[in-house]
Amino acid sequence: MNALEIAGVWKYYGDFPALREVGLNITPGSTMALLGRNGAGKTTLLRIIAGLSRPSRGSIKIQGSIGILGHGIGVYDELSAIENLTLFGRLHDLPEPRKRAEEMLERVGLGRVRDGLAREFSRGMRQRLAVGRAFLHDPEVLLLDEPFTALDDRAIAVLQSMIQQMRDRGRTIIMSTHQLREALELASHVALLQRGQIVHTGERTQQMLDDTGWLYRTYGDN
Amino acid sequence: MFLRQVWTITTKDLHSELRTKEAWNASIAFSVVILLLFSFAFDPSSEQIREFSGGLLWMTYAFAGALVLNRSFAREVQNDCLDALIASPVSSAALFVGKALANFSMLFAVELVSLPVFVLFYNVPWGAAQFLPMLLVLVLGTWALTVIGTLFSALTVNLRLRELMLPTLVYPMMIPALIAAMTITTNLLAGSPVGFGIRFLVAFDIIFTLLAVVFVDTVLVG
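Just so you know, the sequences run in chain order A and B.
Residue 102 in this note's numbering sits at position 102 of the first sequence; the count goes up by one each step and never skips.
Residue 108 in this note's numbering sits at position 108 of the second sequence; the count goes up by one each step and never skips.
Since the hints were made in silico from the structure, they are not lab data.
Be a bit skeptical, because a hint or two may be false.
Under 10 Å between C-beta atoms, here's a sample of chain A residues computed to sit facing chain B [stated by the list, open to error]:
| # | residue |
| --- | --- |
| 1 | Gly67 |
| 2 | Arg133 |
| 3 | Leu143 |
| 4 | Leu184 |
Don't be surprised by glycine CBs; every beta carbon is placed ideally from N, CA and C.
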């Protein structure tokens, strides 16, 4: 049983096909790096997987709950850190949402400011709160859209550590990025999107790590 | 599960609004000022004012309601909170009903604050014969405004001119409910029988609530 099965997915914006006949199967416990240049369709595909957008054609099957860390932080400025995470804990029907929120705030280094409003936080603190929100319910499938973009050093360290813990627990991770080095170091599998089509999918190899441009040169159209 | 999610969304919206009081302050100030200004423009003891007082009251509530409803989904746009909500296990129907209940509570509170101003400055007869039926009309009429307004707030949330588009789209849809509420209110204040209006409002509320619950997923996800 795959953690995620995508079959024949098309997405049109007007007459423009943002995704064309995308098919992808991801086994449980994989870390998939969804690579491609700007406009290749990475974010569109992730939004469809997350249920934020409907495919024009095709089907998606997901086993288990999903967590998403997208371009926006997805937390409420007028609520405190603990209120934000408790809210999402309740929405995910966690047994003890407040306790879980407290634990998560400690993990992302915001335990001491848990009663502070999100709008009063620095950019880095808000990013760590967003990481806490995405990981709060221990999702079976984690979707990360350009996760390292615009993060400060501490937020990157927190995110990398939490991704590693998710991998150790056999969770499935799909991350879209054009930061090749970071993505390839974390990934067990790669998929290369080009103009809305998957032109390569398979295991991440040592060759990709040694020469990060190899993938684009071999399968891309430069 | 559904009711718990509805309650979580309602309390979240009320909590956020009570902390900022953005829509609440604007809406109360607007309704009180409009009622006061019109009371100075017309002779409160005239027979004529009895005839249009119901209309004046409900037009004030409809415009004050737009200020509340505009904020409803707009507060979800900031930081892409709507994406985090849709990606969570909350159903679109629970999200809609939760938000509609929060909007109803806010608008009803605005009405309860401004109603004494209306009674005082418009010299309307006010006793037990008016109070209980008026309360029923307020509940039914306000739910009609809220349920349509919340759905269109979701529809216009991503538009650049949403503050303009929401009233433009919502008021034509509200006209039947507004006319019914105005007629009942005018009849109540004149001591005439309320007639068929209450049943019409009940039917309007049920039909539009069901339609909104059915279509809100399409509105939110596309």
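Going down the list of hints, with the structure as the test:
1. Gly67: 8 Å, holds
2. Arg133: 7 Å, holds
3. Leu143: 8 Å, holds
4. Leu184: 26 Å, violated
When the structure is compared with the earlier hints, a violation turns up for hint 4 alone.
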